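Asker: Residue-level listing of the chains:
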Amino acid sequence: MSDGMTDDTTGAADGPHGGTDPVLSLSGVDSGYGEVQVLDDCSVRLDPGEIVCLVGPNGAGKSTVLKTAFGMLTPWTGTVAYHGRDIGGMAPEEIVREGIGYVPQTDNVFGSLTIDENLRMGGVARDGGLEEVIETLYDRFPIIERKRSAKAKTLSGGQRQVLAFARALVMEPDVLLIDEPSAGLAPNTADDVFEDVKAVNDMDTAILMVEQNVTKGLGISDRGYVLDQGTVRFEGTPEELLNDEEVSQLYLGG
Amino acid sequence: MTVLGYMANGLVFSSIIVLGSIGLSLVYSIADFANFAHGDTMTIGAYTALVTFGAVGGLGGAVLGLPFGFFVALVVGIGVAAVVAVATEKLIYEPLDIDSIGLLITSIGIAFIYRALIQIGFGSDFTRFDVQQLRPIESLVPYGVRVTLHDVAIVASAVVLVVGLHVLLQYTDLGRKMRAMADNPDLARVSGIRTKRVKLWTWVIGAGLAGAGGVFLGLFNQLSPRMGFNLLLVIFAAVILGGIGSVYGAMAGGFLIGMITQLTPFFSNVVEALPIGPGWLATLLENLITIEYANAIAFVIMVVVLLVRPNGIAGEGAT
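Going down the list, the protein sequences come from chains A and B.
Mapped onto our numbering, the consecutive letters of the first sequence carry residue numbers 1 to 254.
Mapped onto our numbering, the consecutive letters of the second sequence carry residue numbers 1 to 319.
Read the hints as simulated data drawn from the structure, not as lab findings.
Note that this is a predicted model, so its numbers are computed, not measured.
Hints are not guaranteed to be accurate.
Taking lysine to aspartate or glutamate and the EDC-like style, the derived pairs with C-alpha atoms no more than 20 Å apart in a straight line are [as the list claims (entries may be wrong)]:
no. : chain 1 : residue 1 : chain 2 : residue 2
1   : B       : Lys196    : B       : Asp99
2   : B       : Lys196    : A       : Glu94
3   : A       : Lys147    : A       : Glu135
4   : A       : Lys151    : B       : Asp173
5   : A       : Lys216    : A       : Asp244
6   : A       : Lys151    : B       : Asp186
7   : A       : Lys198    : A       : Asp139
8   : A       : Lys198    : A       : Asp47
9   : B       : Lys196    : A       : Glu93
10  : A       : Lys151    : A       : Glu135
11  : A       : Lys147    : A       : Asp116
12  : B       : Lys196    : B       : Asp32
13  : A       : Lys216    : A       : Asp191
14  : A       : Lys153    : B       : Asp186
15  : A       : Lys216    : A       : Glu195
Just chain A, same shape as in the assembly (with noise of 0.2 Å):
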């Protein structure tokens, strides 16, 4: 089975899966920092409204993909496509208006602004109607509004995380990006945040996601890829990755 998913990733960019076009895709992408190679010929791909985990060991180049595919690295090889346009190397301040948003893993809130303040940050590029944008994401995050002329460095770290979605959602993206979403949050808050990125999605935003903790990322997956060193090593759904024998004895701690 391993075999047959491998292959199958080469070909990440031409719509293999049902005929869908891929709302966004890398195909044999080599990226890195400065001289440092980390994305060796990789490809990914992302259909509308799923959820797409990526997962691997420390170092195999996860958050590379996302800063590679929102404009923060360039591509050395290889493209970017959203909606089959190349966005290889296009500024993440333009990215942003194409309609694709990302979430940092750390540093994700302007912790001196006010909660509001962060969500008209997020809506700097919109041409109009913020405020009915702010108050629709007011409405499904209470959490943040009753908090929304605090500084948003008083939140809690699940708080901080909600108020870190709502700010790139402000955008309405096609696209969400977001990196490890449950770090350095406690299980039953981690729990909450995986709840809200099924929210999230279910507002027709399809999600590439990178994540530490295997089994509650997967579990809120359509499909998920294993990268190692760079490249993806093997691709499926949740249930053929956790159960694949290679897989969960080579990547996913056995």
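Please build the complex by placing chain B on the supplied structure of chain A, with the hints as guidance.
Answerer: This is chain B only, laid out in the frame that chain A set:
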């Protein structure tokens, strides 16, 4: 002079320091750049106003002892300081594309260039704005306060500019973007803020305020090609004292440093009056706490404050 008199002088000098320190702090926190050419940007503002005032003349009326033409010159000085700073950013700092230490060292060179150009144009002698020297306001003299209407104009203008900046930072879109960039530049880009544009506006505002500070410094003292550079260390002290990267800290730091330097003669009077134990200590303090050492005393106080509050008055460095 009475303590009130020294404090009045301190208030005037503080106004100038605050205008300088705000710009230095803004550019530091938003462009990640300790700009050593900031003092000479003040000099540019002052000399631009000198030339403009010479060209336009008094223009009839006067406010607070200053001809209308002087205010025109002030606005032109602010504008030219801003334009020069933006041009330097666009033509030199931005194309260099180096880290913040590289920028710092480059800005020292830029400071020399600014100053040399001014010296070529105007010589190295002291000069003055061609405005009538005023006598101290009569009604305040009995309290030992010897300030002129010009001094009142300096403080009032600085207050207007500082309040204006506060409104801009807190209640406008540009101000929120500036605070967001100072807080977390990566997240600012991720949010879609076009950071280069905000950076340019930061230069405009920071250098404009520096230009205003330079014009007022020229009015308070005199103009010379070294006037801004001589003040730069004091301004850095104010910014660090306030908590580097915090605009409101820079205001507080500028106020304190300006006050301390002007209050030094008063401190020396106090020391002379105090019965300090051993005679040698009294002599030492009397010799050290004099106006010649005003800047050094300000720095000593800065160091003491930083020992207690290592991140400065405003703490963490968030705007």
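Asker: All hints, please: hold or fail.
Answerer: Hints, verified against the model:
Distance hint between Lys196 (chain B) and Asp99 (chain B) is fulfilled; the C-alpha atoms sit about 16 Å from each other, no more than 20 Å. The hinted pair formed by Lys196 (chain B) and Glu94 (chain A) meets the criterion: a straight-line CA distance of about 12 Å does not exceed 20 Å. Distance hint between Lys147 (chain A) and Glu135 (chain A) is fulfilled; the C-alpha atoms sit about 13 Å from each other, no more than 20 Å. Distance restraint check for Lys151 (chain A) and Asp173 (chain B): the Cα-Cα separation of roughly 17 Å lies within the 20 Å cut-off, and the hinted pair is therefore satisfied.
Restraint check for Lys216 (chain A) and Asp244 (chain A): satisfied, since their Cα atoms lie roughly 17 Å apart, inside the 20 Å limit. Restraint check for Lys151 (chain A) and Asp186 (chain B): the C-alpha separation of about 19 Å stays at or below 20 Å, so the hint holds. Among the hinted pairs, Lys198 (chain A) with Asp139 (chain A) is consistent with the structure: their alpha-carbon atoms are about 16 Å apart, no more than 20 Å. Restraint check for Lys198 (chain A) and Asp47 (chain A): the C-alpha separation of about 16 Å stays at or below 20 Å, so the hint holds.
Taking the CA atoms of Lys196 (chain B) and Glu93 (chain A), the gap is about 11 Å. The hint holds against a cut of 20 Å. Under the criterion of a C-alpha separation no larger than 20 Å, the hint pairing Lys151 (chain A) with Glu135 (chain A) is consistent with the structure, at around 18 Å. A threshold of 20 Å between alpha carbons decides the hint, and for Lys147 (chain A) with Asp116 (chain A) the separation of about 9 Å falls inside it, so the pair holds. Distance hint between Lys196 (chain B) and Asp32 (chain B) is fulfilled; the C-alpha atoms sit about 12 Å from each other, no more than 20 Å.
Annotation: proposed proximity of Lys216 (chain A) to Asp191 (chain A) holds, straight-line Cα distance about 8 Å (limit 20 Å). At most 20 Å may separate the alpha-carbon atoms for a hinted pair to count; Lys153 (chain A) and Asp186 (chain B) meet this at roughly 17 Å. Pair hint Lys216 (chain A) plus Glu195 (chain A) holds up; C-alpha atoms about 11 Å apart against a cutoff of 20 Å.
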